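2 protein chains.
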Amino acid sequence: MCHPNLVALAVLLCSTLLVNGGKILVFPVDGSHWINMNIIIAELHSRGHEVTVVRPNDTWYIKSESPHYKTITINSSAGIDEERFGAFVMETLTMRRQGASLWTRFSMEYDLMTHFYQMHVKVLEMVEGMFEDTKLMQSLHDAKYDLVLTDPAFGAGVLMAHRLGLPLVFNVRWTIQGEGHFAIAPSPLSYIPIPGSELTDKMTFIQRVQNMLYFFFLTLHIWYVTEPNYKPFVHRHFGSDVHYMELFQSADIWLMRNDFTFEFPRPTMPNVVYMSGFQCKPSKPLSKELEDFVQSSGEHGVIVMTLGTLVEELPEDIAEDFAAAFAELPQKVIWRHKGKRPSTLGNNTRILDWLPQNDLLGHPKTRVFVAHGGTNGIQEAIYHGVPLVGLPLMFDQADNLFRMNAKGVAKVLDIATVNKENFLEALKEVLYQPSYREKMKELSSIQRDQPMKPLDRAMFWIEFVMRHKGAAHLRTESYKMSIIQYHSIDVTAFLLAVILLVFTIFVSAFRFLLHKLFYRNKVKKE
Amino acid sequence: MCHPNLVALAVLLCSTLLVNGGKILVFPVDGSHWINMNIIIAELHSRGHEVTVVRPNDTWYIKSESPHYKTITINSSAGIDEERFGAFVMETLTMRRQGASLWTRFSMEYDLMTHFYQMHVKVLEMVEGMFEDTKLMQSLHDAKYDLVLTDPAFGAGVLMAHRLGLPLVFNVRWTIQGEGHFAIAPSPLSYIPIPGSELTDKMTFIQRVQNMLYFFFLTLHIWYVTEPNYKPFVHRHFGSDVHYMELFQSADIWLMRNDFTFEFPRPTMPNVVYMSGFQCKPSKPLSKELEDFVQSSGEHGVIVMTLGTLVEELPEDIAEDFAAAFAELPQKVIWRHKGKRPSTLGNNTRILDWLPQNDLLGHPKTRVFVAHGGTNGIQEAIYHGVPLVGLPLMFDQADNLFRMNAKGVAKVLDIATVNKENFLEALKEVLYQPSYREKMKELSSIQRDQPMKPLDRAMFWIEFVMRHKGAAHLRTESYKMSIIQYHSIDVTAFLLAVILLVFTIFVSAFRFLLHKLFYRNKVKKE
Numbered sequence: 001m002c003h004p005n006l007v008a009l010a011v012l013l014c015s016t017l018l019v020n021g022g023k024i025l026v027f028p029v030d031g032s033h034w035i036n037m038n039i040i041i042a043e044l045h046s047r048g049h050e051v052t053v054v055r056p057n058d059t060w061y062i063k064s065e066s067p068h069y070k071t072i073t074i075n076s077s078a079g080i081d082e083e084r085f086g087a088f089v090m091e092t093l094t095m096r097r098q099g100a101s102l103w104t105r106f107s108m109e110y111d112l113m114t115h116f117y118q119m120h121v122k123v124l125e126m127v128e129g130m131f132e133d134t135k136l137m138q139s140l141h142d143a144k145y146d147l148v149l150t151d152p153a154f155g156a157g158v159l160m161a162h163r164l165g166l167p168l169v170f171n172v173r174w175t176i177q178g179e180g181h182f183a184i185a186p187s188p189l190s191y192i193p194i195p196g197s198e199l200t201d202k203m204t205f206i207q208r209v210q211n212m213l214y215f216f217f218l219t220l221h222i223w224y225v226t227e228p229n230y231k232p233f234v235h236r237h238f239g240s241d242v243h244y245m246e247l248f249q250s251a252d253i254w255l256m257r258n259d260f261t262f263e264f265p266r267p268t269m270p271n272v273v274y275m276s277g278f279q280c281k282p283s284k285p286l287s288k289e290l291e292d293f294v295q296s297s298g299e300h301g302v303i304v305m306t307l308g309t310l311v312e313e314l315p316e317d318i319a320e321d322f323a324a325a326f327a328e329l330p331q332k333v334i335w336r337h338k339g340k341r342p343s344t345l346g347n348n349t350r351i352l353d354w355l356p357q358n359d360l361l362g363h364p365k366t367r368v369f370v371a372h373g374g375t376n377g378i379q380e381a382i383y384h385g386v387p388l389v390g391l392p393l394m395f396d397q398a399d400n401l402f403r404m405n406a407k408g409v410a411k412v413l414d415i416a417t418v419n420k421e422n423f424l425e426a427l428k429e430v431l432y433q434p435s436y437r438e439k440m441k442e443l444s445s446i447q448r449d450q451p452m453k454p455l456d457r458a459m460f461w462i463e464f465v466m467r468h469k470g471a472a473h474l475r476t477e478s479y480k481m482s483i484i485q486y487h488s489i490d491v492t493a494f495l496l497a498v499i500l501l502v503f504t505i506f507v508s509a510f511r512f513l514l515h516k517l518f519y520r521n522k523v524k525k526e
Numbered sequence: 001m002c003h004p005n006l007v008a009l010a011v012l013l014c015s016t017l018l019v020n021g022g023k024i025l026v027f028p029v030d031g032s033h034w035i036n037m038n039i040i041i042a043e044l045h046s047r048g049h050e051v052t053v054v055r056p057n058d059t060w061y062i063k064s065e066s067p068h069y070k071t072i073t074i075n076s077s078a079g080i081d082e083e084r085f086g087a088f089v090m091e092t093l094t095m096r097r098q099g100a101s102l103w104t105r106f107s108m109e110y111d112l113m114t115h116f117y118q119m120h121v122k123v124l125e126m127v128e129g130m131f132e133d134t135k136l137m138q139s140l141h142d143a144k145y146d147l148v149l150t151d152p153a154f155g156a157g158v159l160m161a162h163r164l165g166l167p168l169v170f171n172v173r174w175t176i177q178g179e180g181h182f183a184i185a186p187s188p189l190s191y192i193p194i195p196g197s198e199l200t201d202k203m204t205f206i207q208r209v210q211n212m213l214y215f216f217f218l219t220l221h222i223w224y225v226t227e228p229n230y231k232p233f234v235h236r237h238f239g240s241d242v243h244y245m246e247l248f249q250s251a252d253i254w255l256m257r258n259d260f261t262f263e264f265p266r267p268t269m270p271n272v273v274y275m276s277g278f279q280c281k282p283s284k285p286l287s288k289e290l291e292d293f294v295q296s297s298g299e300h301g302v303i304v305m306t307l308g309t310l311v312e313e314l315p316e317d318i319a320e321d322f323a324a325a326f327a328e329l330p331q332k333v334i335w336r337h338k339g340k341r342p343s344t345l346g347n348n349t350r351i352l353d354w355l356p357q358n359d360l361l362g363h364p365k366t367r368v369f370v371a372h373g374g375t376n377g378i379q380e381a382i383y384h385g386v387p388l389v390g391l392p393l394m395f396d397q398a399d400n401l402f403r404m405n406a407k408g409v410a411k412v413l414d415i416a417t418v419n420k421e422n423f424l425e426a427l428k429e430v431l432y433q434p435s436y437r438e439k440m441k442e443l444s445s446i447q448r449d450q451p452m453k454p455l456d457r458a459m460f461w462i463e464f465v466m467r468h469k470g471a472a473h474l475r476t477e478s479y480k481m482s483i484i485q486y487h488s489i490d491v492t493a494f495l496l497a498v499i500l501l502v503f504t505i506f507v508s509a510f511r512f513l514l515h516k517l518f519y520r521n522k523v524k525k526e
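Protein chains in written order, with my numbering: chain W, 1 to 526; chain S, 1 to 526.
Think of the hints as simulated: they come from the structure by calculation, not from any bench. Incorrect hints may appear among the rest.
Each pair may be met inside one copy or between any two copies, as identical chains are not told apart.
List of simulated lysine-lysine pairs, DSS-like, C-alpha gap at most 30 Å [stated by the list, open to error]: (1) Lys480 - Lys202; (2) Lys144 - Lys441; (3) Lys407 - Lys144; (4) Lys480 - Lys441.
It should be emphasised that the depicted structure is a prediction, and the values quoted were computed from it without experimental measurement.
Let the hints inform the model, and build the full structure from the sequences given.
Structure, rendered in C-alpha cells:
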C-alpha cells in the first residue's frame, strides 16, 4: 500500500498539472525563426506544458528529437533547402560586390520573391495534405490541444487553428501582410515608416510621398501572395465568405518580437504583447584561452565580429580589407570567419569557427559589435549595451540596422562599397565617439527596466489564453468590416450627399423665390 | 561617537532614499477624482516618495493636512462648490423625474457645460496667478521636482509641467479633448463609439452615421472650451507657435483609469498604462451587527444599494417605489439612504447613512449591486464579481453602465421612468437569470488575472519616468503634425494631382496624334 503522504503528493502534483499543464500545438517557421520559437518552447516545457511541433520532413533547423517537445513530421517540401539558400546568399553577396546593374539586382529581388512565393505554395500543399489525412486530423482533434502557437510568416498554423477551432497565439514580427503591426494596428503613413523604406518617424513631405508609394507596393505584394494561393485555399476549405485576413487577424495574442527600444513609437493594440529581448540572458565566463586573449587587450578593449550563420565565407577581397583594417587598430579582435585565412591578418585578430556571442557581448572589455543586423544579434547588443558597426546583407537586416542608426547606436556600411578605409573609419567612429556607447548604454538600461521579464510576459499571456480559452476582451473584431466601412468612407459619402442635397434644395428654393419675386415685379411693371 | 553599524545603516537608508525617494508635484481634480488620486498619492508616499499637492483654498475634498502629502494652497475659486453642486444634482433629478421638456433638458445640459466652462476659466486664473507669483515660482523651481502628476480633466498640471520643464504623468480618463484615448490614439469611428453615444463596437450603418455626428459635436465642444481660454493663455505665456494640445499630448505616461474588462477593445499607444481596478482591494469582515443581518438572508442573499455621495436624498416618490419593490423580495437589502424613511419600507430592508461598500460587495452573500454607475463603484463590482442594476444620474454614469449592459452584467433603468414595477422586474432579472452573475464572475476573473497588480503597474511607470527623466521612447511626436499632414491629406492630393497630370498629358498626346493622323488623311484625301 502507498504511504498517505505519497498519495497526497501525487494528488498535489496532478492538480498542479491540471492547472499548469496545457497542450500546445506549434507551427514554426524554419531557419533563424526556429531559434526564437525553440526558446519559447523550452520555457513552456519547463513550466509543465506539453508541446507538439509540426515539421516538414525536409526541415533544415527543426530537430525531430528534443527533450522539450514531441513532433509530428509531415511528408512535405515546405522546409528551407539549406544548400540552395546558402548558394543564393553567396551569389547575392558577390553580385552586389561586383556592382551588379540595377536590372540584375532587381531580378535578384524578384528571385527572392519567387523563392518565398514557392514556399507559400509548398506550405499550403502541406496543410492541404494534413486536412485530407482523416486519420491525422482525427488524432489532432482527439489530442484536445489548448491552443495553436505559430509564427505567421506562413499561414499553416492560422489555417489549422481555424480547422480545429482552437485559440491562436502568434510569435510574430513578419507576416504575409508585412511587419506585424501593419496587419493589426492603425498605421498612419504620415509618421510610421514602411519597413525597408529606411525612413524614420519624422519625415519630410517627399519622404511621406515615398512612404505612401512603398505602401502601395507592399499592398500589391500582399495581393500577389494571397490572391492566387490563400484565397482559393480558404474558400475551398472554409467557404466563400471566409477570408484568410480575417482568420489571421482573429489571433488572440500577438507576441511581438519587438519593442520600443527597437521600433519607433507607434499605435498598437491591446492584444499585442512586446517580448523583444526574450532570448537575452546574462553572459557566462569565457574559456580560459579566450578570456586571456580578451584581457590582453588592456584598456583598448575588444571588437567582436560575426555576420551570422547564413554567411560563413566572405568574398576574398572583403576579408582581406577587413583583416587589414583590424590590423591597424590597438584593440584585440575576435572574428567568426570560415574562409581562407586573410594574408593581411594582424597579430591582434583571432579568427574562430564559432564564437560564444552572448558571453562576448556581455564581457566588460567588449567595445564594438560588427554584425549583419539580424534581430537576435541586435537585441543581444542592446541588452549588453554594445554599439554596432552594421553590414546588412539581406532581408530585414538593413532595416533593423537603420533603426539602430536612427537611435545613434550604430554606424551602417554597404557591403557593395565597403573597403579597408571606410571600414576602419566606421570602427574608429563607434570606438572613439562616446555618444555611440552612451546611447547604447541608455537603450540597454531602458530595455532592462521593465516590470516583468519579456519571456515571463510571453508565458503569462500564453497561459492566460489557456486559462480563458482565448483573449476576446483584448481583440477588436474590426477585421470583419470591409475597408470602406472601416475607414467610414460610406458614412462620409452619405453625409456629404446629405449636405449637397440640403444645399441644392436651399439654392433651388432661393432661386424659385427670386424668380417669383422678379416675375411678380415684372408682371406688376407691365 | 556613533556605532559603525548605525553609520552603515544610515548610509544604506540614504542611498535607498536617493534611489527610491522622488519628489512629485500633484495637480489633482476635486470631487470623486480626488478619491482616486489620493490612493495613488498614499501608495507613492508608502514607497518613500515626497508628494506635494497644489490645491485651491475653496476645495471641497482635498484636505490641507495629510500624513501622505504636503500642500501648496492657492487663493483661488477653482474648487468645486459643494452646495451649488448638490443643489444642481437635486434639481436635475427632480426635473428629469417630472418629465421635463426636451428644451428644459437641453438647457440643463447647457447649464452643466457652462458650469464646467467656468471651472476651466477659474483654473486658468489660478495658474495665471501662480505664474505671476515670482516667489512661488522660484520655490517650485528650487524644489527640483522629478515630475508633475496630474488629472488632465483641467489643464493646470500640463501648463505647470511645461513652465517648470518637468516630465508629465497623467492619472486620466476624461480630458478637455473627451475620453483619454481620443486625445492620443487613433480612433476609427467605424467601431469606436464616442463615449456618451451609448453605441457599441459593432454598429449598423445608421449608428455609424450617428457616431460621426457625435464626433463633430465633441470636436465643436473641444473648440468651445480651448479656443477662448487655453489658446490665448498658452500663446501669452509660451509663445504663439505653442498649442495646448501639443503640451497635453506630450505627456510621458498616461495612467488610464480604464481597461478592457470595462472598455471595448480599441487601438492604444505604447505610453498608455491601464490601471483600472487599482483602487480595488479584498473585503474586510463586516461589523457584528451587519454580518448578522447579512447572514439572516440565508440562501436568498443580499442586495446592496447606494447612489454615490452626490445623491444623498432621493425624490420621495422614487424612494417609496424602491422600498416597496424591495419589500416584495425574499432577499435582505442594505440601502444607503439619507432622506425621509419611506412608509413602504419592508422588514427585510436596512437603511444606513453610510455603508462599507467594498466589504459588502466582497461578501459571499451579496447578489446584486444597485448603483448609479460611477467608475469606482463599477470597478469594485467587477473586482468582486457582483452584477449590477444601474440607475445612472449624470456625467459618464450612463455610458459606464451601458458598457456593463453590453457585456451582459448589468440591467440599466432610467431615473425618469423608474417605478416599483420595472425596478422589481430589473432586480428579479439580475437575481434569477444566471447569465448576469456568470458573466460578471468571468469578467472578474479576467480583471484579476493580470501579470501585475494595477496599482503596482502605475507605480512602476511613475518611477520609470523618474529614473529615466521621461519615457520618450514610448511617445510618438505625431502631435507636432498638422491634421492635414497627420492624415496624409497633402500627400494624397499630391499623388492624385500627379496621376491627373499624367492622365491629361497622355490624353492630350493621344488627341494630338489622332488629330495629326486625321488631318494628314484629310489633307491626303483633299
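Tested hints:
1. Lys480 - Lys202: between (32 Å within a copy, 10 Å between copies)
2. Lys144 - Lys441: Between copies only: 26 Å across chains, 46 Å inside a chain, cut-off 30 Å.
3. Lys407 - Lys144: Between. Shortest inter-copy distance 29 Å satisfies the 30 Å Cα cut-off; intra-copy 46 Å does not.
4. Lys480 - Lys441: between (44 Å within a copy, 28 Å between copies)
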